[in-house]
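Colleague: Chain residues, written in single-letter form:
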Amino acid sequence: MAFLTFDGVGIAAMAAAVPSHVIKNYEYTEFFPREEVKQVVDKIGIFERRFADANTCSSDLCFAAAEKLIEDNQIDRSEIDLLVFISQTPDYRMPATSILLQDRLHLEKTCMAFDISLGCAAFSYGLSVIYGLMQTGHIRKALLLDGETRSKVYSTKDRKTAFLFGDAGVAALIERNEKYGKSFFSIHSDGSLGDLIKIEGGGYRHPSSLETLKERVVDEYGNIRNDEQGTMRGGDVFSFVIMNIPKDIKQTIAKANTTLDQIDYIVFHQANDFMNNHISKKLRLPKEKVPSTIAKYGNTSSVSVPLTIVSELKDELEGNKNLLLSAFGVGMSWSTSIVPFVDCKISEIVEV
Amino acid sequence: MQLDEFISNFADLFDDTDASEITASTNYRELEEWSSLIALSVIAMVDDEYDVTLKGNDITGCTTVEDLFNLVQSKA
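Taken in sequence, the protein lines are chains A and B. Just so you know, we're using numbering that gives the first Met the number 0 here: the first sequence kicks off at 0 and counts up by one. Just so you know, we're using numbering that gives the first Met the number 0 here: the second sequence kicks off at 0 and counts up by one.
Note that these hints are calculated values from the structure, not bench results. Take the hints with a grain of salt, since some may be wrong.
[Claimed, not checked] Chain B side only, calculated, beta carbon under 8 Å to chain A, not exhaustive:
no. : residue
1   : 35
2   : 39
3   : 42
4   : 58
[To be verified] Only pairs whose alpha carbons sit at most 25 Å apart, straight line, appear in this in silico SDA-like list of lysine to any residue:
no. : chain 1 : residue 1 : chain 2 : residue 2
5   : A       : 280       : A       : 262
6   : A       : 249       : B       : 26
7   : A       : 320       : A       : 258
8   : B       : 54        : A       : 232
9   : A       : 42        : A       : 221
10  : B       : 54        : A       : 41
11  : B       : 74        : B       : 47
12  : A       : 37        : B       : 44
13  : A       : 246       : A       : 284
14  : A       : 280       : B       : 14
Just so it is clear, CB atoms sit at the ideal spot from N, CA and C, and this is done for glycine as well.
Next up, chain A with everything else stripped away, as it sits in the complex (with noise of 0.2 Å):
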């Protein structure tokens, strides 16, 4: 079982960077009537987003915001001897993103770099993996890079998917410390649900080709896609959470022998409002405790939970606080944390 327990390690300071291009959902009326745009946009309760442009990519708005944090906290590159990128939507096919960056970022040759392929879980994952190596002891400072342009996923004229998805990139800093104290960690996986959020075409299976690019309607309401854009079979994602996430977020407060009341604020990857709602409720969570950034920068896959963090959290972190991280999506992979911050310095998000 996958329960994870480490001491010592924690996150030191944060920031993040979003696209300048605010896209307004109720004037994303491209592709479907102003009317219905509505009532979708209602539902899910995603106002805004961010797109980056064309030449952008994650890790462009993980470097502005690793830049940010190098220069806010004075930290010293040369110091900095492990970089793990999280993202799916990567430069190239090879090599890994996070070796790039580590060039980029002026990082020693002696820094350990990888990248992890995961969906809206993968912050906790990443953490898990880090607060890991970092207990080895031979890891000074670590570096995670959480990075998404899903913009660039979903078709616009599949109305399952094209108000949903915005970008972004976080930077974390993460050092060994006596005062963190103990982090737990939850992760689970379930390949049998890989169909539920899936792009078909375009890797080693179904490789590019004149077909997988061809758009075409998929369903009974006329959504158009084609086979290299992403797929969401929402409802069954909606059971997949009802089932799973409030029962292993209690699993995971008793195994961590904590209680609701000690978690300062629960955060939550935002999936879109009305089911992180629906879970809220489920759990009896007091609105003040969970912060949320799904009206103003959508669904950014794995950076929405450390996004919400700086965008929400940044003057709510001092001293120590106990958070709560839960996420879940494609794969499916879900994850629960329970991390503690202490003093965590978080920087103005940057626009790029």
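Model the placement of chain B on the given structure of chain A, informed by the hints.
Modeller: This is chain B only, laid out in the frame that chain A set:
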């Protein structure tokens, strides 16, 4: 679990469809207002009211409101 109450809960999920249009024998997917968004509301309502988790296929696999009621009842 009462069929009448289920129909009433189901009808509440619609904004533009009059509750009188929704009966036990209504083929709900043929209602003009039916959409994948309302399907999400059905999943949420059934979870809230009956503590049953429906899947996407459960909703597309049923025809009438009563079929859906029977399915929820069998899972409760």
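Colleague: For every hint, state whether the structure bears it out.
Modeller: Here is how each hint holds up against the structure:
no.: 1; hint: 35; verdict: 6 Å, holds
no.: 2; hint: 39; verdict: 6 Å, holds
no.: 3; hint: 42; verdict: 5 Å, holds
no.: 4; hint: 58; verdict: 6 Å, holds
no.: 5; hint: A:280 with A:262; verdict: 17 Å, holds
no.: 6; hint: A:249 with B:26; verdict: 38 Å, violated
no.: 7; hint: A:320 with A:258; verdict: 14 Å, holds
no.: 8; hint: B:54 with A:232; verdict: 10 Å, holds
no.: 9; hint: A:42 with A:221; verdict: 20 Å, holds
no.: 10; hint: B:54 with A:41; verdict: 23 Å, holds
no.: 11; hint: B:74 with B:47; verdict: 14 Å, holds
no.: 12; hint: A:37 with B:44; verdict: 22 Å, holds
no.: 13; hint: A:246 with A:284; verdict: 14 Å, holds
no.: 14; hint: A:280 with B:14; verdict: 22 Å, holds
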